[in-house]
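Number of protein chains: 2
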Amino acid sequence: MVAPRVYEALSQPLVGHLDPYFFELSEQVRSLLGHVYSTKNEFNIAVSGTGSSGMEAAVANFAEPGVKFALLTNGFFGDRIGEMARRQGAGVARLAKNWGEPFDPQEAREFIRRERPRVVAFVQAETSTGMFNDARPISEAAHEVDALVIADCVTSLGGMPVRVDENGIDIAYSCTQKGLSCPPGLSPMTVSPRALERLRARKSTVQSWYLDLLLLEGYYFGHKYHHTASATMLYALREGLALIAEEGVENGWERHRRNHLAFVSGIEAMGLRMHVAEGHRLWTLNTPCVPEGVDDARVRQYLLQERGMEIAGGFGPLAGKVFRIGLMGHGSTAENVLMVLEALESALKQQGYKPAGDSRAAAEKSLGATV
Amino acid sequence: MVAPRVYEALSQPLVGHLDPYFFELSEQVRSLLGHVYSTKNEFNIAVSGTGSSGMEAAVANFAEPGVKFALLTNGFFGDRIGEMARRQGAGVARLAKNWGEPFDPQEAREFIRRERPRVVAFVQAETSTGMFNDARPISEAAHEVDALVIADCVTSLGGMPVRVDENGIDIAYSCTQKGLSCPPGLSPMTVSPRALERLRARKSTVQSWYLDLLLLEGYYFGHKYHHTASATMLYALREGLALIAEEGVENGWERHRRNHLAFVSGIEAMGLRMHVAEGHRLWTLNTPCVPEGVDDARVRQYLLQERGMEIAGGFGPLAGKVFRIGLMGHGSTAENVLMVLEALESALKQQGYKPAGDSRAAAEKSLGATV
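In order, the protein sequences belong to chains A and B. Counting in my numbering, the first sequence tops out at residue 484, every number present. Counting in my numbering, the second sequence tops out at residue 484, every number present.
Derived from the structure by calculation, the hints contain no laboratory data. Note that the structure is predicted; figures quoted are calculated from it, not measured. One or more of the hints may lead you astray.
Below, a list of computed lysine-lysine pairs in the PhoX-like style, where the Cα atoms sit at most 20 Å apart [stated by the list, open to error]:
no. : chain 1 : residue 1 : chain 2 : residue 2
1   : B       : 337       : A       : 434
2   : B       : 434       : A       : 337
3   : B       : 434       : B       : 210
4   : B       : 434       : B       : 467
5   : A       : 434       : A       : 210
6   : A       : 434       : A       : 467
Extracted from the complex, chain A is given alone in its bound form:
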């Protein structure tokens, strides 16, 4: 859901991509991004493409051909990072878990120590499963072997503690349409000084000119023309980031946590199970299992057509098995929690499902308890 102030920002008069005002704007975005990513990094930019372009920028710049690239994957987006790294000619070593199953910290550490890669990548918030992966064991082991750490923060930024510096993440990227309450179109990215140093020492040219981070550095910080970045999209992003700063980054996380816990209480009261184990769940995206005998496509169709509500289904090994229900950014409110629970329950009842208990009461109780 896009915040009303962001919609307004989208129709502010456009300025050119080399206008002094444009660079004031990108400077504000740089500073706000540092705040929301909890980092002292100075290289904070919005790549001119969607979240996947940020993933490709991270991989294309740091996965030099022939380099060993260690990937920890337990979902679709982890696998996508591997696909991109292979296309760049990197040698990809994988530690893979079932979709939605956590990594054992010790196993993750040993994998990295054994492989001694130059780059380690993982997905902090896996949109395909609703799972949060802890950065700490990964980045500690990566730094022991002098590897850079890439973290996909597409579904965590703005809704959960990304904490780039504290977590030892070198390269993080995200999108605008989730925790930042903007339309899609940009990929906010932060890069550590250590990673930039590595990039400057890189031997081969980055295959992508469009996503070459040193060229982008020259543009955003050196004001040297590269491509025509969109002031319109940056107005929106600045507004989305300002909303977070005004609420307080940590207050925003707490709001997401509280609404997530209430949603889970309601789901469990209804008699549904969550796919991801407690303590590993995203606060932004919930993945209840589709109960026995229910067709998830019919549920989604009912919600879209009768309630104007778009939820996603599972895919890959989770096709037909989970719902993926986003409550994030501007959309993470107590009202939405109750509304979605009620609508989901109606959709399930349409297919003969009998709720175990009172989901609304459970969610309200949870909201009351965690206020």
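Given chain A, put chain B in place with the hints provided.
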């Protein structure tokens, strides 16, 4: 300049990137793009990035490593295509002219026949010089040797006859912020069936996952998830394209031609020369030479600060030598021609320049004569 209806479109409520309504929207964009590109191609999409991402998509998909890539360049953006092709590992053969100097058709044909490349690229509308390059001799020779033709239409689409089919162009890309009167952020692209066939037969994987055209085909036409395209940007693009269709594509070209001719009449009356020879000029972007004794940076600063008007300077070999003045899309109006002439004349006078004659009268006469 962004059209008011496009600003309105930007704040329409967002829908998801796999919503049925999203695909209705992308289908409308597909059809309108075919109309504005004057093509029967079915592969018309908007790449989720700026014009340069369209350039990179064209190059990365068709310049396979080791393949011979012939480039005709007479400006900055032509050189940029070469840089991208080299990064993709193609063998680049160049026919280069000075910035703003036309290709001799016979020389262009002979170059292509001699090199026998798999791909030929050129810039139809060179933003760095204000020059229009004729596609015909290039594409005729390219097709003789069974090469694909890539044309950069960044500054022609919507303002001049691109005529993809008639000109034998296989892959064309453009941007949204020039002739289409939208903010930057997407790259409208069209690909011929012949080029798609070549792409399907390609042996190596495209290095860019984000810009892999066959994956994008699966998304836009097969509705298989790839990335999260921005409905917001597509609303804007649809509106910009609809404005062109409502006016009539050819009427729009004629409007640009008429306003361009009037502007040139005014410039010449003022005593300035145009950098590009008559008959080779863009109707969208005018490049008068900076007169002797005038500092172009001061002119641009005056226009920006005193008149709120942004014009561009020359760069590379044309640094300090030309102004680059865009009058395109929604901004190509008789009123703007007269306003820019008056403002430019004031700026020049500030530096002691004495206009030769009455630029306003000359422009008005031209407008009257070509109505």
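Results of checking the hints against the structure:
1. For the suggested pair residue 337 of chain B and residue 434 of chain A, the alpha carbons sit about 19 Å apart, so the restraint of at most 20 Å is met.
2. Between residue 434 of chain B and residue 337 of chain A, the direct Cα distance comes to roughly 19 Å. Compliance with the 20 Å bound is thereby established for this hinted pair.
3. A distance of roughly 17 Å separates the Cα atoms of residue 434 of chain B and residue 210 of chain B; the hinted pair therefore holds under the 20 Å criterion.
4. Of the pairs offered as hints, the one joining residue 434 of chain B and residue 467 of chain B holds, with about 18 Å between alpha carbons and a cut-off of 20 Å not exceeded.
5. Between residue 434 of chain A and residue 210 of chain A the alpha-carbon distance is near 17 Å, which keeps this suggested pair within the 20 Å criterion.
6. Note on residue 434 of chain A and residue 467 of chain A: the hinted pairing holds, with a Cα-Cα distance of about 18 Å set against a maximum of 20 Å.
The structure shown violates none of the earlier numbered hints.
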